[in-house]
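Novice: Here the protein sequences line up with chains A and B, keeping their order.
With the working numbering applied, the first sequence corresponds to residues 21 to 276, in that order.
With the working numbering applied, the second sequence corresponds to residues 3 to 265, in that order.
One or more hints might be untrue.
Unchecked claim - Straight-line C-alpha distance at most 30 Å; calculated DSSO-like pairs for lysine-lysine:
no., chain 1, residue 1, chain 2, residue 2
1, B, Lys84, A, Lys243
2, B, Lys84, B, Lys31
3, A, Lys23, B, Lys20
4, B, Lys208, B, Lys31
Stated by the list, open to error - The following label-pair restraints were derived from C-beta to C-beta distances:
no., chain 1, residue 1, chain 2, residue 2, range
5, B, Glu78, A, Leu45, 24 to 34 Å
6, A, Val262, B, Met125, 49 to 59 Å
7, A, Glu57, B, Val188, 25 to 35 Å
8, A, Val218, B, Asn60, 18 to 28 Å
9, B, Glu78, A, Thr251, 29 to 39 Å
10, B, Asn60, A, Leu45, 32 to 42 Å
Honestly, the hints are just simulated from the structure, not real lab data.
Where a beta carbon is used, it is the ideal one built from N, C-alpha and C, also for glycine.
The residues making up each chain are set out below.
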Amino acid sequence: MTKDRSKRRKLLAPIAETGHCGVFLVRMLGSIRLERELLISTLQQTYLIGARSLVIILISGFFVGMVLSLQAINALQQFGASDQVSLLVGKSLFRELGPVLTALLFAGRAGTSVAAEIGLMKATSQIEAMQLMAIDPVRRIALPRFLAGVISLPLLTAMFNAFAIMGAVVFSIGVMGLDPGIFWGKLQSGIYFSEDFVGGVWKSMVFGGIISLIAVFFGYYAKPTGEGVGTATTRTVVLSSVLVLIFDFIMTSFLL
Amino acid sequence: MQDPIIRIRKLVYRRGTKVILDNISMDIKRGSIVAIMGPSGVGKTTILRLISGQLYPNRGTVEVNGKLISSLSRRELYACRKNIGVLLQDGALFTDLTVFENIAAPLREHTDLGEEEISDRVMAKLSSVGLAETGDLMPHSLSGGMARRVALARAVIMNPKIVLFDEPLTGLDPIAMSTVGRLIRVTNNQLGLTSVIVTHNVEQMKKLVDYCFILAGAKLIAEGTPQVLMHNDEPAVDQFMNGRVEGPISFNLQSSPADANAR
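The whole structure should be built from the sequences, with the hints applied where relevant.
Specialist: Given below as structure tokens:
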């Protein structure tokens, strides 16, 4: 009987946790007040988790652009269509690879650091101290980090895409000797602002929300021990990566 | 006689089936410095959590400033906490803020004061704990004693009526210990506070506090001024106050980490 109950509880735990996370999100959004403090701390967090992720995003973007154009030229050459490379690279970047790869890198770089930071604040009684001072830690700690994630990821995705295009330029034009006029012309005429660019921005905003929500949630409810903080960090990166891929499919099927 | 500012009556607190505090009654007088002492894991920190409303008793009552803590709504509890300063173990300073911003945090949250007024108040408190030059430092660059003094300044920035101290002297060198101890006394007298200190440091308490409560085995075994307790013949009190290995308080039993589990 007890065994059955504990088994059932184990099976239901993910559902319960999803509900808990939803309640946490509502509580966090409900605590939004238009005030200077929130603006300042959100900007600070945008710098800490957004701007500081820039180097890894730029380097990755550049090499993704290079390898994409390498593969594209290799495949298109067989059909005598290597001048279409910029279109292929552009479409795949703006629609899929840009938002998804940036989100995965962001989950690894910023999501983990947010989860670990909040978990450590809990382990060192900072969250408790805040409650005792009648300061709501969800508003003071979780909300600015969540908002910063939603703001940062579309911006980082734009930078990722820009550097990926640069990587494609370096490889296609610099190495493979493709005509620059054709490269830029195809890119300009084949990529649409509303369909390709804005669609990618929407996606990355949702991904930013998912990653930062999971990071603040797991950090906030981490066990206040070293092991607890470690588990929160690992779970953040694993779950947010999987959810990004799942939501990518869902959103793509609606956006197309 | 003046009403006690904290009144605990027949308090019982259980965690699962384990009784942590059993039938505890205490009166804490306004303006006094009171110590709650006892071996590790006996439930001293739990009492602080019951006073601050982080935990609720299974039976009995906790009244702070005439208000029954367990009957307060979340908003009323938060309002009540504005009158209670808390200094947690190790200070619990916010690591993402400077020393100045740490102390200013409660003011920014609960008042509409301008920057100049906030700055004046924070600097006055920092000076009172002898750390006027440290406003721009981050908490990680402070020593243990300095962090504790900054936390004390933060705990009293809202001019509370009560300050709760959780092991304020643990882990400090003798000089820092005396400095923090003296600051607690000076702050208490200057601001007219009531200070409740949880500790197991008998020597420091003898110098610092006006009144002591001693807990052992989930019960309140003695209370009185430090001088009276030093000469108490009760075997458990004598064992604790003089740090004897042999006696009614079993080390093994008392080492169950009740306080650690409360987190």
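Novice: Checking each numbered hint in turn, tell me which of them this model violates, lowest number first.
Specialist: Going through the list in order, the structure violates hint 8 alone and respects the others.
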